[in-house]
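Just so you know, the protein sequences line up as chains S and F, in that order. All residue numbers for the first sequence refer to this note's numbering, where the first residue is 127 and numbers rise by one. All residue numbers for the second sequence refer to this note's numbering, where the first residue is 3 and numbers rise by one.
Hints are computed from structural coordinates only; laboratory data are not their basis.
Lysine to aspartate or glutamate pairs mimicking EDC-like chemistry, simulated, CA-CA at most 20 Å apart:
(1) F:K195 - S:E132
(2) S:K465 - S:E512
(3) S:K407 - F:E72
(4) S:K361 - F:E130
(5) S:K407 - S:E443
(6) F:K237 - S:D362
(7) S:K465 - S:D500
(8) F:K195 - F:E98
(9) F:K237 - S:E263
(10) S:K138 - S:D324
(11) F:K145 - S:E265
(12) S:K361 - F:E135
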Amino acid sequence: MLAVPEQFFCHKLTNGLTVLAQPMPSVSSAAMSVMTPAGASHDPADQAGAASVMINWFLRGAGGRNTRQLHEALDSLGCQHSEAVHSEHIMFAAAQLGRNLMPALDLYADILRRPSLEDASFEPCRALTVQDLSSLEDEPAQKCTILLRENFYPWPLGRCVYGSQQTLSQMQADQIRAHVEKNVGPVGTILASAGNLDWDKLLARIEDLFGDWPAQSPPAVQAGPAGQKLTYIHKDSAQTHIGLAHPTVPIGHPQYYPARMACTVLSGGMASRLFTEVREKRGLVYHVSARYHTLKDFAGIFTYAGTTPQKAKQTLEVTIEELRRLGRGISEQELNRAKTQLKSALVMQGESTSARASSIASDWHTLGRIRTLDEISRSIDAVSIEQVMEHLHDWPARNFTVLVIGPESLDTRCIGE
Amino acid sequence: MAMEFLHTKLDNGLTIIAESNSSSASMAAGFFVRTGSRDESKELSGVSHFLEHMVFKGTDRRTAIDVNLEFDRMGAEYNACTSEENTVYYGAVLPEFQDPLVELLADLMRPALRMEDFEMERNVILEEIALYEDQPRFRVYEKLMQEHFGQHPLGNSILGTNDSISSLRRDDMHAYLRRRYCPSNVTAVGTGKIDFERLVETLRRTCSSWEPMPADRATPPARPAMCRRTIIDPKLIRTHVGLMSSAPSNQDDSRYAAELLATIVGDDTGSRLFYALIEPAVADEAAMAYDPLDQAGGFLTFVSCDPQKANEAISVVKSELTRFQREGPSMQELESAKNKIAAGATIKGELPMERLRAVGYEWVYLHRHMTLEEHIDRLFAVSGGQVLDLARQYDLTTATMLVLSPTETA
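Here chain F stands alone, though its shape is the one from the complex (with noise of 0.2 Å):
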């Protein structure tokens, strides 16, 4: 594979980057906003998702159905995604569509934000948040979030109310728009078969209008509860728990780490949790994922279960964090843990839309570029001590809880 790595500035701020691989058969573009739910104010709470829907509806040279027709016309695969912190659009198309992408995402960054799209979008953001009512995964994420981080921006909700939906105005969502994608808190990121003078051709003509300015974002620390909520909701056949305790930020170098604690920990397979709730088939979900933050970051573990067998499942997971605490990894655990992410991260990067999302955060929280061959030498390196010392330094077992359940728990 021949890989390069290659970035460029434009006059206004706008960052450009791009991981070129000439043995891809297809190319991969994006625009990483750094923005999000922690970046409202709670009359706003939604408008960062929203908006991201409203960007599809069109620009003051194309209408909605104009920029569906043009996606469709490339064949591109694309979408977008909102997270907390981040607000991403991508789309990968044959080498010979990159300019019209490119163009296309590039023009929809100043969405036009016609009234009557904006009132027609309402009615599927709320259905939307109907949809994710009948996920109690996705409930009791966004509980467990909220309760942890409590008045933390990070407790903000992602899609929001349908209260705070319903009466959210268009002109705040401009507003919103000018303030955070600005230049400064954009970049342009490409993988796979890419020209990358075209690249920063395409986008010198179609981004240098924008107007420069500061976009900040408050990183207070984190105080997170540690405490324990049950909700209860007797429509749900099983209990869904969630747990979050404190884990190291994308910004910090232990980051290698914890994601190797997460995968010995909680993976989906071959894991403490596996061999300790799923073997026995005291729950049929159980599994720990490292989330890294903005200056801030959590270990997350889901657990479903039968309700009867909820207090001996959230037993079980802490004596598991404990014992863990204690011992920390074997070298055994360890080797595998690291064997097992290096072979999905390759493969992985082997197709250029994934590549594009490690490439694209990479840059956005440390301004810089890793090759994959540099992330796996990174994990690597780590020890068995390492791991442990980061256990007790963030301690796994404080943690925040949340319980979605038929019936009460004890």
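One chain only, chain S, in its complex shape (with noise of 0.2 Å):
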């Protein structure tokens, strides 16, 4: 289904770096993506919101440059980069010019290995970690979706990147020094190009930049219980924001395909069941979805829908049956528009450098290896409607975790649990 065969390279120097490269040859741009397993996920109990901090630190000025200087140089180099905190990994990506790849390889080692974390910049770090906190107070959709995976994983696997007011405030810069100091290295790093790119050279370039940074022993993070199964949120909202979530298999399980399949019949597209009943039937929503979120070792399904107080019990029952009623039956229609729009979306994303660049580190760090879009493609077309029954029985919407935002709480009996 490929015009151009897909081709990759990996290689893991001694230190431990991983290195992936995906040249696109049809391309002018170059993106690469950098994962260090120093998420959230591992931030010091007493330290929540370290790695959020962290991150903006970083950005502060690096390799003897402040932060002036480093921006500067980002772009000179035209280079559209961002930075963001999942929950095992921090990520830095950047998409640019081919030919501005290596001089932006060479700062992203001035960045990750030689940041500059002087005192003066540390108190604005932690001063925008605190507004981003209480940024989601006035974002309700959003709070929900991030209170919602806090609670639903076990702990502290889905903690809110931005940690707590508590924490937050007492954080000192040396505590910070120090969780660099032990998390981010070569150790469990991935580091994935794609696109415009010479890989021989790619290569020879990142061993002289990071060839001799020295390992780091990372600790394991401990996960521990979930979080409280219903909670409810005062807030004079306009709308009711009804976040549920429930288990599902993680991407490397044997029934990843036939899970992602499930959750695009019921929230793929349009004509899915859930944006079927509730919006087009019968008018209670705009926003109505559910996702497949995947940890590596830990999967959901989050749904989400926002209402107008009056409609909300309604909305909930109808959703919940829609969740449920998904495990008594999918028809063959349903199954192969779930396939194509599967499979075109991965041909699109095939086309961004940026997508395919997080898309094969992240699949290093799940699968520990590269799947390329053909082999997706195959698993797609693989999967049987016995398969994703078989997998709805052994995964059925239940067990949820709910987490509801507005001014009135919600009668949540129809979930019966």
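Once you've looked at the hints, go ahead and assemble the two chains, each given alone in its own frame, into the complex.
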């Protein structure tokens, strides 16, 4: 199905850094994605929010440049960069013209290995994270999703990356420096590139830049029990924000593709079950969706619906019924539509160098290998209705974690748990 | 990359354009209708956006369920958006689905507007209004546009209000559809791995029956209010500020300088506002964007911060704008901004769905095609002096300001 065969390269440096690349000959951009296992779940319990403060601080000068000089260096390369904190990793992403990939790598070597981490710039980084956390109060839909994830996953895997006002208020620069020292290094770090690149030159440069990066020994994360099952947060919002999560299989599981297929039938397009029943037939919402989300070892189906308070009970009832009805059977046509949708999304994602760089990095992290688009496509094609039904039998829509934000509490008896 | 631009016009006046790229893996197609909230009368407030929803509810030949099923069967990524002056319907698929995608989109441009669908969708629109009510950033944008443009049509709300939507009648929407979705007011656009001949053939079959009709638009000169308004909402935790000053229109060649100006002053990172507000954590968001419109334009700045920092943040924005207008950009700033915009446009240009917007809007506003390379060349030709002149000519320091805050600010 692909015009050009995909080509991948991978190499592990002796210090543990994994280097991945996918050359894409027909494009002029090249993107890179660096994943380092120092995500929010690695934050020490009394320093929740450490990863968010840290990733801000990394951009405040590096390799002898101050904040402004560092940003000017990135900007002069036309580097479109972003930084994000996930559960397991912190992630640096940068997309630029292929000819600027090497100089961008030089800058990222400075950012990762020689960040200034000066006292003077610590306080603003902490203060920005405090503001990110309080901004959630003005964005109830987003807050609903974030807190639901926090309650759903075994603690602290789904923890809100901004920490808490309490931990942030006590955070010290030295603690974060120690945290960086312990957690940020080549071990477990994945550096993936995709686009207009030359593998031999790329690898040689990365060897030069990162070959002598001393290995660190990051402590393993101990996952504990998940949070409370039913949470209501009062807020005088215009809508009631309803979040539901129930467990499913993670990406490495044999039932992964059937699970993705089931979720696509439920909420993949405008003809999907949820959209049809909750919005099209009843006009209860503008936004309703169910999304598959996976960590390395745990995964969930996250369902969200936002509706005005007087319709909230009915919205919840119809949504829950659709989640359950899925287990009673799906049609051949539904399965075929889901397959086409997933495969077509795959091809379109395959055109983006940024999306490719981050996909191959996350494949490597979760599966220890890279899936070709062709392999994914064939795996999707191979899924049968029986497999989807077997999956839904093994992983039915129950054991819900529920989080509601709105002006009135919600009658959740229809969930029946 | 093998790129080619092609265009033609059907007898009834419908323009068809395509920028084909044989190395793409997907194709995108869209209908750009030159209509939006600025083309609405007061009684019809929100009709463009409501109609955009109704378009997906089907035609004489298709029910709403049929429409959704057909899109999903092609694995299409598709959506629509309504702004002050454009309503755009678009989809991307694998090249093998070009014909069914184009046929479906084209058929949808003549929706049935069935009464029961109309009543059901009214509920969805009211929910969408409630959804945005919970997003302060959107509230600031809407109120700011209203304040800035006042009675000018660009001050009209895109969503409309609970009242206007509740009282809107199906027949009024139908009359609006007839007036605004006529061939001369619509452009069909294709990008990516597209077969132009088949595109034209499909559209000729589907759209030739569209009745030609004149469609005009009032473009009175804007008389921006340049006032300050504060809205107190004790339910909020943070203060959200929006500023709007005048800027070149979409038809104006100085829009390249305007794009550079907004990047230098207010890009997310590495800009004047970034160093002045984000780096010291006075605000957690501070960004300026250039919003080019039909015979009008604006520089839009958003800031969000703690309420007790609001006055400081606002005065920092003002002093940065004043300083920029005095000194202009440094050579380094200008070069960086050019590189950033060029790289961003190139990266986006690799995706047919993104390229569709650029190609479509260029035609809608200027009736011309511009390659990505030409766009980048024009950007690089702008001098620092031109950016400075532009700042002075449009006067960044005179702006309409909207403050949405839990408490009174001074």
